[in-house]
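**Student:** Work out the full structure, taking the sequences as your base and the hints as a guide.
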Amino acid sequence: MTGITPLSPTAHRDLRYNRHAAGAARRFTRLGLSEIAVAAADMPLCLVKDGQTGRFDLVALMSLVEPANLFVFGGGFQATYVPRAVLLGGFRLDPTGAAGLAIDPADPSLGGVGEPLFDEDRPAALSGDIAPALERLVADVAAAQEMADSWARHRLIRPLPLSLSKADGGRHDLAGLYTIDEAAVQALPDAELIALHRADRLALAAVLTASLAQVERLRQLHNARFVPAITDYSLD
Numbered sequence: 217m218t219g220i221t222p223l224s225p226t227a228h229r230d231l232r233y234n235r236h237a238a239g240a241a242r243r244f245t246r247l248g249l250s251e252i253a254v255a256a257a258d259m260p261l262c263l264v265k266d267g268q269t270g271r272f273d274l275v276a277l278m279s280l281v282e283p284a285n286l287f288v289f290g291g292g293f294q295a296t297y298v299p300r301a302v303l304l305g306g307f308r309l310d311p312t313g314a315a316g317l318a319i320d321p322a323d324p325s326l327g328g329v330g331e332p333l334f335d336e337d338r339p340a341a342l343s344g345d346i347a348p349a350l351e352r353l354v355a356d357v358a359a360a361q362e363m364a365d366s367w368a369r370h371r372l373i374r375p376l377p378l379s380l381s382k383a384d385g386g387r388h389d390l391a392g393l394y395t396i397d398e399a400a401v402q403a404l405p406d407a408e409l410i411a412l413h414r415a416d417r418l419a420l421a422a423v424l425t426a427s428l429a430q431v432e433r434l435r436q437l438h439n440a441r442f443v444p445a446i447t448d449y450s451l452d
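When the sequence shown is numbered by our numbering, its final residue is 452 and no position is left out of the sequence of numbers.
Treat the hints as calculated values from the structure; they're not laboratory data. Incorrect hints may have been included.
[Unchecked claim] Think about it this way: if two alpha-carbon atoms lie no more than 16 Å apart in a straight line, the pair counts; the simulated EDC-like pairs of lysine to aspartate or glutamate are: (1) Lys265 to Glu331; (2) Lys265 to Glu362; (3) Lys382 to Asp345; (4) Lys382 to Asp448; (5) Lys382 to Asp266.
**Tutor:** As structure tokens, then:
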């Protein structure tokens, strides 16, 4: 990714981190395994296929039609939970950078407002906390992907056609989304069902399915700020 650069006291001494501006332009974000239940309180959760590996990634939708994060307005992220990949989106792990970090200078969370990343020439306490947080996030995202792998092995994933109807008569289709195939879950042999239950795969699959009700919240947030309004949607 162009623009990523190692964090440096010479180049970034006055740089600050503003968590309230994080994720303003992000339409979706990857999630870690431990985030599923809390993120589902605000956002529809689904799966997308990695074009290079063919594996499924767990994501939270934060937008429908507009090229903006519907949860970011009024000076901050208006949700009960902010995914960690959103909060840490301006940072990368880099052993050559100060505090083991690199940054994306274009990320809206980094600029002249917020908490300082440096205390004179030394990384501030905030910077020292970010690399461990990123390491935990990477491990948590990997755990979520392993869970999606298990769903895929049992053929429990199906395409999720999401079609939006707009007040001007137009339609907008979101392609490339996947969700849990509930009929396939019900058709599993008892032994596989029990194994998935004991591995805590079924409860989280149910959370994903239930979270799709949050598409209505995204529709409401869109209609409060953008035109034309979204009048209806189909998840069939």
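**Student:** Any of the earlier hints contradicted here, and which numbers?
**Tutor:** Result: hints 1, 3, 5 break, sorted rising.
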